[in-house]
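Here is what each chain is made of, one letter per residue.
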Amino acid sequence: MEDVYIIGAGIHPFGRTDGRSGRDQGVFAVRQAMADAGIEWTDVGCAYGGSAAAGSADIMVNELGLTGLPFINVSNGCATGGSALASARNAVAAGECDVAMAVGFDKHPRGAFNAKPSDYGLPEWYGQTGMMLTTQFFALKIQRYMQLYGITRETLGRVAEKAFRNGVHADHAWRRSPVDLETILNAPMVNDPLTKYMFCAPAEGAVALILASGKKVRELGADAVKIASVAVRTRPPGSFEVFAPSVDIENGGKPTILASKAAFELAGIGPEDISVAQLQDTESGAEIMHMAENGFCKDGDQEQWLREGRTEITGKLPVNTDGGCLACGEPIGASGLRQVFENTVQLRGRGGGRQVPGAPKAAYSHVYGAPGLSGVCILER
Amino acid sequence: MAQLLEPIAENLWTNEAEPSLIGGRLPSGKIVFPYPSGDAAEGVEPWRLSRKGTLWSWTRQDFQPKEPFEGPEPFQPYLIGYVELPGEVIVETRIVDAKLEDLKLGMAMEFVVAPFDATRATYAFRPEKA
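Sequence lines, in order, name chains A and B.
Going by our numbering, the first sequence opens with residue 1, and the numbers climb by one from there.
Going by our numbering, the second sequence opens with residue 1, and the numbers climb by one from there.
Derived DSSO-like pairs: lysine-lysine, alpha-carbon spacing no greater than 30 Å straight-line: (1) A:Lys-298 x B:Lys-104; (2) A:Lys-226 x A:Lys-298; (3) A:Lys-298 x A:Lys-196; (4) B:Lys-52 x B:Lys-30; (5) A:Lys-226 x A:Lys-361; (6) A:Lys-141 x B:Lys-104; (7) B:Lys-52 x A:Lys-141; (8) B:Lys-99 x A:Lys-141.
Residues from chain B that keep clear of chain A, each with C-beta distances beyond 10 Å, as calculated: (9) Thr-14; (10) Ala-17; (11) Glu-42; (12) Lys-52; (13) Thr-119.
These are calculated hints, taken from the structure and not from any lab test.
Bear in mind that the values here come from a model prediction, so they are computed numbers and not experimental data.
Yeah, the Cβ is synthetic: ideal placement off N, Cα and C, and Gly gets one too.
Based on the sequences and whatever the hints tell you, model everything.
The following block contains the structure:
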């Protein structure tokens with residue numbers, strides 16, 4: 001397959017923007033990405049995008065221009081952005097067009113998500129009795145993991161502390177003030193063992209990426225990063241996932257492990273080659289478990305990694321350099337693309353106060369969501 | 001008396017003196033919970049699940065969920081968790097007759113029908129009495 005590159009990246013600040021719809025935030029991000037790439041809307045040959053709660057993406061042509069391009073709406077839950085990116089990449093790789101766009105945006109109401117059981121093929125009683133909450137799943141998964149692998153509450157706190165510290169330097173982040181470890185650990189509990197500061201919140205925001213062929217990169221003289229691989233995987237048997245009234249007694253694989261392996265294989269590199277990573281951190285425990293599921297460390301080693309600061313911006317493997325979901329919030333349709341945006345910033349050396357030192361060469365991103373799917377993207381400079 | 005309350009859903013547990021959750025046995029032999037509905041139920045045999053198991057994980061719900069949650073007002077935090085039924089399946093459940101600090105990985109748990117609100121009952125597990 002032809003190599004495909006990211007030549008433009010745009011973002012609408014995450015958080016709350018009253019008076020601007022999710023889709024308008026998307027249009028904002030698209031315009032910024034086009035300016036960054038040095039192209040016009042008429043140059044875009046095809047587009048993929050979507051949101052979970054803010055409507056269809058293709059209506060953006062009203063604002064962007066009626067060029068007649070194919071614009072495919074993507075609706076794939078937490079993997080909406082990742083799936084749009086994978087599709088846009090394949091379109092360029094297949095030679096359908098020289099320039100493609102992937103966009104994700106969202107605007108969620110305040111408070112925890114309240115999913116409808118029937119949307120997930122589940123019985124009504126599961127929601128009525130108060131067991132169908134994403135926050136519970138993450139608490140239940142990390143609770144067991146802490147018991148099995150000796151992870152302490154302090155380590156959960158350190159993850160959140162790092163996120164808020166990194167978010168200070170990211171213009172697009174929502175939470176931009178540091179929060180100390182004591183405050184994080186003593187904050188009101190949401191679902192034991194996770195306190196208020198250890199959870200991300202549903203939010204608003206948008207990200208757009210402009211993808212191009214090698215030919216177009218040369219023509220434009222673009223500041224490009226190569227998409228080494230993209231892999232989206234759904235859950236295998238025996239995995240423990242969000243919204244599960246029951247789990248198989250035989251412990252199986254995990255969608256993250258599958259997506260990670262596939263992405264590394266396609267890229268022809270391994271975890272040791274990665275210089276910066278954005279890992280799904282719906283809450284502190286998720287980042288810890290995803291460090292192992294993505295192959296960066298062994299189960300239980302996170303305790304030492306966090307204590308030694310190995311995932312800090314100046315550490316061996318910086319993780320969530322813009323503060324991740326914890327500092328940025330989670331607009332579902334845009335969240336996975338934010339990670340790829342941040343990696344593009346890092347590889348181009350434009351991170352400012354959060355720039356990973358030493359000119360990073362390979363960047364890894366991982367998104368996870370209901371009902372058990374993961375998307376991994378590896379970028380190379 | 002939870003038994004006098006209306007079950008929150010039909011066919012969730014058996015109607016007998018010592019009730020059990022109703023799971024399903026797939027043609028492959030695998031046990032699932034709950035018993036599937038619609039076309040997914042084809043070839044699935046109803047399966048009376050074990051009343052005893054061990055605690056697999058747990059948490060406490062400390063904030064009031066939005067709808068479709070139908071718990072009584074004012075909101076009271078409640079415990080939930082997963083209980084592993086040996087050789088069968090790991091089920092998600094309410095946990096009753098326990099405090100958060102009592103719960104330990106692998107502790108023995110037993111099935112119970114518990115009040116949900118003033119008129120309805122739901123299923124739960126509680127630490128097995130020594």
